[in-house]
Each structure stands twice: as C-alpha cells, then as structure tokens.
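**Student:** Okay, here's what each chain looks like letter by letter:
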Amino acid sequence: MTALVEARALTRRFDPRLTIGDRIAAAFGATVETRPVRAVSDVSFAIRKGETLGLVGESGCGKSTLGRMVAGILPPSGGAISVDGQPVMRGGHKTTTRIQTVFQDPFASLNPRRRIGATISEGPIAHGLVTRAAAPAFVADWLTRVGLDPAVATRFPHQFSGGQRQRVAIARALAMRPEILVCDEPVASLDVSIQAQILNLFLDLRAALGLTCLFISHDLSVVRHVSDRVAIMYLGRIVEIGAAARIYAAPRHPYTQALLDSVPKLRLDAASVEFRPIAGELPSPLSPPEGCAFHPRCPRASDLCRRERPVLTAQPDGTEVACHHA
Amino acid sequence: MSAPLLEVTDLRTHFLTRAGVAKAVDGVSFSLASGEILGLVGESGSGKSVTGFSLIGLVDPPGKIVGGSIRFAGRDLVGLPPEEMRALRGRRIAMVFQDPQATLNPVLTIGQQMALALQAHARVSDRAAAERAAAMLARVGIPEAATRLSNYPHEFSGGMRQRVAIAMALLNGPELIVADEPTTALDVSIQAQILAEMKALARESGTALIWISHDLATVSSLADRVLVMYAGRIVESGPVGEVLRAPRHPYTRGLLDSLPAMAEPGQRLRQIPGTAPSLLALSPGCPFAPRCPRADADCDAPPPRVEADGRLFLCHHPLEAAA
Amino acid sequence: MNAFWREYAENKVALAAALIVLVIVGAALSAPWIAPQDPYDLAGLNLMDARRPPGFVGSNGYPHLLGTDAQGRDLFSAILYGLRISLQMGVAAGLVALSIGALLGILAAQAGGWIETAIMRVVDLQLSFPAILLALVLVAVLGQGKSQLVIALVAAQYAYFARTAYGAASAERRKDYVEAAAATPLGTLHIVFRHILPNVLPPLIVVATVQVANAISLEATLSFLGLGLPPTEPSLGMLIANGFQYMMSGRYWISVYPGLALIVLIVGINLVGDQLRDQTNPRLRR
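Heads up: the sequence lines are chains A, B and C, in that order. For the first sequence, the working numbering assigns the number 333 to the last residue and increments by one with no breaks. For the second sequence, the working numbering assigns the number 324 to the last residue and increments by one with no breaks. For the third sequence, the working numbering assigns the number 1467 to the last residue and increments by one with no breaks.
Worth flagging that the hints you see were computed from the coordinates, not collected in a lab. Quick caveat: nothing in here was measured; it's all calculated off a predicted structure. Do not take every clue at face value.
25 Å max Cα-Cα, derived DSS-like pairs, lysine-lysine [as the list claims (entries may be wrong)]:
| # | chain 1 | residue 1 | chain 2 | residue 2 |
| --- | --- | --- | --- | --- |
| 1 | A | 101 | C | 1193 |
| 2 | A | 101 | A | 56 |
| 3 | A | 272 | B | 200 |
Computed list of chain C residues with no C-beta within reach of chain A, every gap over 10 Å [unchecked claim]:
| # | residue |
| --- | --- |
| 4 | 1193 |
| 5 | 1194 |
| 6 | 1197 |
| 7 | 1358 |
| 8 | 1363 |
| 9 | 1364 |
| 10 | 1368 |
| 11 | 1376 |
| 12 | 1379 |
| 13 | 1447 |
By construction, the Cβ of each residue, glycine as well, lies at the ideal position given by its N, Cα and C atoms.
Taking the hints into account, I'd like the entire structure generated from these sequences.
**Tutor:** Next up, the structure:
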C-alpha cells in the first residue's frame, strides 16, 4: 500500500512577538527573550490510504500544532506535508480540498451567526461541488447522513446540544468530499454517552466513505478504539509509532509505558489499586532537555541519553521507537 | 457503625429561571462515613456538581435549596446562617474545584494565602503558619515546598496549581472534602499523581472525600462507593466494584457500554440513544425511560426504590443481579 | 431576536429612553407636517413677535408653545427643524465613520505586519488627541457646509470604530470557526465578509449609537461656536448660540429649550447604547 499523506521533517517554530518596547530595549543592548518555541521538531510519518493514524500525547506535546499543519491551517516552518505528492499549502494558503478537519470544540468551530445549512453548503458551493439551487437538497442529505433531522437546516448553532453540533461539524467537513479527515480531539468536550454516539457515527462514515484519518486525542482508550496505527508524541517529537495493537500490548518507549500505566483503568474487581505516576514534570518547551527529552523523568536514562538524542529506529515487530534502551 | 459524618436526606436544589423551574437536584439522599471515598458520577446536567455546591452552601442564585436536609456531624447545614456556614467551610468542610484559579488569589503568594486560610480559623503565628503550609505542600508532592511559598499562583504549572489548591483544602484538617472534577483539566500522568495522593490522604487522615466526576474509570480506581446520578436524581448506588461489575440500572449499564474500553477496537460501541431530558420539563415517571431499551408503559409511573445489601437502584425493570 | 428585545424591555429606564428617542426622531422627521411654522420661510416671520415668552399668541393666530426667538421665529418649530439637521449630521457622520473605521480595523487585524502597525499607530495617535480640536481645525480649513461638517466629524470619530473593529476582528479571527473556513479552504474576502464581519458588527453597532450622540453634540459645539453650518440651516447648536445673548435679560427660553432638546436626545441615545452594550457583552451575561 502506498502512502496517501506524507509528512517529511515537519517543524514548527513560534517566534516570540516583540513589542516596540522590546525592540527598543534590544537596540540598547538589553537581553530580550527572542528564542523561538519549537512546538514540533522534525516529525516524519506517512498515512496509507484507508488507514487511521492516532496521535497521542499530553498537553503541550505539539499534537495539535502537528494536526493544524496537516490540516493546512498552519504553514510549517520547515519540512513539508503532501497528499499524493502534492503540497497541502502554497504561500501560506491551503490549496487542496482533499483534507478536511473536525475541531475539538463544536461551540467554537461553528459560526454563531450563520444558519447551519449555510455552514454546511458554503464550502461545496465555493468549490463548485454543488450549485446554489441544489444546495438545500444537498444539505438535507448530509444532515440525514449524520443523524440529524433535515428540517434543522435553518437553525443557528446555539439551538443545538454539543453532540448535535459535532454532527454538524462532521457534516461540514465531509460535504467537501475529502479523502482525508483530520480529527482534533473531536469527542473531548462531549459527555460519555454522547461521545459513544459520535464515535459510532465516525466509524460508520469512515467505513462508508473509505476515509483516511489522522485522529488526535489525549484519551488513550479513544485512540485505541479508532486507530490502526498510533504515534506517541513527547515535547514536539514522535517517540514511538506503529500498529496500535502492538504498541498497546507491548509499548517499547519508557514514556509510552509510563503513559499507559498512568491511565486509570476501569476496575471491576475490588482489588486495591496502585497508581504508577510518571515522576517529575513536563519540561518547558522553551528549554527542552539536551539529548533525549524524556531523560530527566526516565527510570532507564543513562549518560548516552543525556548526551545524544535518539532517532526513530525500526524494531523487529515493525514499530519505530526513539530510545537508546528500547 | 456509629452515626455517619454526613447524612443527606431528600435534598432538592432548584433553579428558578426565566424559562421555569429547573430541578437540578431533586430528592437526593446518601450518607458518608469518615475516611470513606464516595464517587459521584453523572453526565453534564445530571446535578452532580450542584449536589456538591449544595453541600458547602455555595449555590448561587437563581439556584436555591428548596427542601431536604444535610446533616454534617449532627448539625443541619440547610438553613444555617451564612456566618456559621462560612466558619464551617474551609475548616471542617473544604472544596477543590476543577479550575484551581477559582480558589487561588492571583495577587497573593501561596504562603500568604495559606497563612490567611489558617489564621481565619485559629490563632497561629506567621512562623507556625509558614511551617504548616510548607509541610502541607510537601505532603501533596510539591518539591522544595518551603521556597515555593513565596511564589505566586501563575508561577506554578497547571498540575502544580491544582496540588496547591488541594494543599489549601487540607490545611485546616477538614473532616470532609468535596472535589468537583479536580483532575479533568489535567493530563493523565499528573492525574495519576493526584489520585494517588488523594487516596493516601483519605486513608491516613480519615478525611471523608466526595469525588465528583464524569469519568467512571477514575472513580472505579479511587472510590469505595459510587452514586450514579441522572437528571437530578440518584438512579443507582452501592460499592463501586459491585455496581460497575453488575449494574442493576439500565443507565449505569449504558454508561459503561459507552466506554471504548468495553468494546473491541474498531467495533461499534453500544451507545445510549438520544440525549438527556430538559430539567425544566421532567415527567413524574422514570427520567431515563425515553432512552432506555427496557422501558415500557410501567415507566410512566415513578420508579420504585429498591434497596438491598448496601445497594440501591430506582427502576421498574432492573437488570438481573449477578449470579 | 425576540428574546433580545424582551430582555431589553426589562430595563425600564432603557425602555423609556428608547421610546423618547423614537418620539424625538419621529417628531424631527415629521417636522414639515407638525411644526406650526416653517422657520426658514422668512416671509412668514414677523419681528413684532420676536422674543416673546412661551404661550404667547402671535400675529399668525396660534400660541408659540416655547416662545419665539430674536427673529420672531416660533421656537417649537425651530427646534423640530433643528433636530432634523442635528440628527442628519449625527447619523450621516456615524454611518460613514462606522464604515471607514470597520474597514480599517478589520484590514489591520486581517493583514497584520506593517499594515497593522501603521493603521493602529495612526488610530492610537488620534485617540490620544481631543476630537473637538481636530474637528475645529478641519472645519476652519474646509469651510462651512454640510459635507464639510460630515468630513470633520468622521475624521474626529472613525478612530473609535477602527479600535473597536480591530479588537473584535482580532479576537474573532483566532476562533475555530474562522480557522475552519480557512481550512476548507475559502477565500480571504469570503471569510472577512461572511464570517468575521457579521460577528464584529454587534459591538460596532453599540459604539455607533454612542458615537451618533457624540457626533450630534460635537456638531452642536461647532455650530455654537459659529463654525458649523451656515445660518440658513440652523441646527440645535446654532439655536442655542442665537439665544445666548438674551439669557441675562430674562429671555431664557431662546437658549434653554433647544438646549433641553439636545440634552434629552443625547442622554436618551446614550442610555440606549449602554443597555445594548450590557446586553451584548458576554462578560456581563449569565
């Protein structure tokens, strides 16, 4: 199988925004913080056609920034993201409709002053997928497919619950007939029972439309449920990537192991529970540790880890791990 | 067992809104012993947070406790004068919120705030207060506690800030802590640390803990007993292992089946259809009936309250008990 | 929308203010039909009727409810016609300033970089400068006339709109729904006009109500100083100025009644604006 989406050495820096005061101070020789934050460093991966890649990590690990680059919202500072060899962005603007996005917060991702019918049809009309005259039937069809009553097309977002809005957001993305869907924490803000409904809708539509997906979430069980392969990020880099079943069964990177250990599991027995938290705190992305970024918290860290950053290396079981001691 | 520390009977907290009366908490009863950890589980709008706020007397208008009693150490907190409630709050009952910013004052150092919290309830010298504060920060796992007393809240990371909020809650050795989604905004690795600390604290100091959460997994690994709330009422309660292993109420079953962990990867989840009812227009029957696979005409009548072996559920057609 | 007006109506003061403003605007618009006299028709004036107190029945046979001025004009009619001109100037200046300010503010927020810096520095500079001073200088340079006055008023006021539009647009364009539109992708102009502008408009309309009141008082000030409109088109400010010399001789009504009309109008508009601001400010909402 060939790769449909390919990320090569993606990097994203955020430069600190200097005020006039800062610039004047700098001109007079004062020390002004000008170090850029590297949110994503040198990330490469491929997603095969029809595959779902899950992207996991804690807040600040760069997973959302990576997702926004893949979605064509944020231009990368280095590297490239391509679909079938064609770049997703040119000159800071997205040039393809083959990738569409579902955002985390359905309260923020829908224009509050636009009827949801118009929200769903505006992209397809602008790109000639449907005529203005045929739009009402088109919208009704998509509302039905995401499990909403077609009659609600004339309503505004505030008249819907969170789950219903996320259905609208999914309809808006899929109405563009994408091959690739980027889902950035699509169920994080939903209640448990609604989360199950949206995950089912996602699974149904993915199968029906043969979608290729990048599924970003902090929730390890949700990612396990929907992904064929998973990538684990720590401080802007992928530390482990491979088949979901393998990584969840036998994680190789110490961070992945610690992360999986620290998730509270549903206990159905009365046995007492040992929590095994990860020692220490996430370092600031402003000053990532030398060598392996995880070494200050890692039980297996050696001198080599403090000196040299490990690169992603293929393992016998097909996963790739960035660890000197995997 | 002696008299419980906390006994809530038929608590009713209603919100008198423009659109009508929202029965956020409607007839909730439970009790809690010292050292016990009670998980209060439900989805948004189930009334779990309002129950917590009712216990500490912080229900904001248009909300109002309209009935029932909250007996804490032999005294009814409902109708207690505000000054007495304030004296109780922070000393014998403490609260931890989802957002630690709600507890921490941004313009005072952590040390100043903790000293104020101590001195509000007892005569403590500044020096003794600083020592107590540092000891408490160390206890919740903040490194270099003594030096961090002079830091302001914004100088702590999110996880550390929540720990500071927990240390503040523990400062006066409260008998009861009400924690409302305290780890929801935190990453899993930090959540695990805080869960471990809370569990140890309840065990060691005999503090009773009410842990309000939407997360069944967290509650299952922390709590002794669980209350499942739906539309302002408790629909099921009992020892956490038993309730989750063999739920009797169809809602508890549905909630468990909604979790991805309960299904094979990639398979459809057994979802609960529909959405929670509006609290403004609840029928006298079972509030879960419109979404329930077992519902029939019986469910138009109020569900019976079945109590046996420390378990309780309100259902006309409960699931089979485990063999 | 209905819920919005129901909430508005709960504030009785704001409701009364809105009704008063509506009555004043209605009266000003229908001045040619309800005014007993055409104050511009010099042939209809009689110097015998000059400076008569309120209630005086003049040579035309009807009572002058608010008295007459130095030319024998019926003050009630003059105020109605004056309100017309004041409102015309205020609304015209407000609308033009709104359009220019919104355009500049959104352009600055959207373009970023040196365009943003250049526009917003000029706007800041102007906001730190008294509006009346700028208007005075411009009127002095441009001369008298309706369009000259509107230009002066717009120049003095567009900065408030630009500031508001810039703030609102900067906040909106970071929101997910704008990112979603950009990720579709939709064109920049499409995003600005269909997504950002509709969400920036509510705060601008609130500013506009208050700025119309400010434009009216600014115009009155200029006219009072004799720099506003020519005497053939007397606005409220000029009416006040005309009567000013008679204040000390006991003929208070020539200045006081136009002044009262001006105050009631401006206070009314401001109260309406305050309520609209409170209702559209999410921080004040429950």
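**Student:** Beyond 10 Å from every chain A Cβ: check whether that's true for residue 1368 of chain C.
**Tutor:** Per Cβ check, residue 1368 of chain C is inside 10 Å of chain A; nearest 7 Å; violated.
**Student:** Residue 1197 of chain C clear of chain A by more than 10 Å, beta carbon to beta carbon?
**Tutor:** The claim stands: residue 1197 of chain C keeps its Cβ more than 10 Å from every Cβ of chain A (closest is about 30 Å).
**Student:** Straight-line Cα separation of residue 272 of chain A and residue 200 of chain B no greater than 25 Å?
**Tutor:** holds, 16 Å
**Student:** Using Cβ atoms and 10 Å as the threshold, tell me whether residue 1364 of chain C really stays out of contact range of chain A.
**Tutor:** violated, 5 Å
**Student:** If we take the beta carbon of residue 1358 of chain C, is the closest beta carbon in chain A still more than 10 Å away?
**Tutor:** violated, 4 Å
**Student:** Given the hint that residue 101 of chain A pairs with residue 1193 of chain C, does the C-alpha gap stay at or below 25 Å?
**Tutor:** violated, 51 Å
**Student:** Does the claim that residue 1193 of chain C lies off the interface hold, with its Cβ farther than 10 Å from every Cβ of chain A?
**Tutor:** Holds: least Cβ distance 27 Å, greater than 10 Å.
**Student:** Decide, holds or violated, for the assertion that all CB atoms of chain A are farther than 10 Å from the CB of residue 1194 of chain C.
**Tutor:** For residue 1194 of chain C, whose nearest Cβ neighbour in chain A is about 28 Å away, the distance exceeds 10 Å, so it holds.
**Student:** For the pair supplied as a hint, residue 101 of chain A and residue 56 of chain A, is the alpha-carbon distance within the 25 Å limit?
**Tutor:** holds, 21 Å
**Student:** Is the Cβ of residue 1376 of chain C more than 10 Å away from each Cβ in chain A?
**Tutor:** Violated: least Cβ distance 5 Å, not greater than 10 Å.
**Student:** Mind verifying the non-interface call on residue 1447 of chain C? Its CB should be farther than 10 Å from each CB in chain A.
**Tutor:** holds, 31 Å
**Student:** Compute the least Cβ-Cβ separation between residue 1363 of chain C and chain A, then decide whether it is above 10 Å.
**Tutor:** violated, 6 Å
Checked against the numbered hints above, the structure violates hints 1, 7, 8, 9, 10, 11, 12; every other hint is satisfied.
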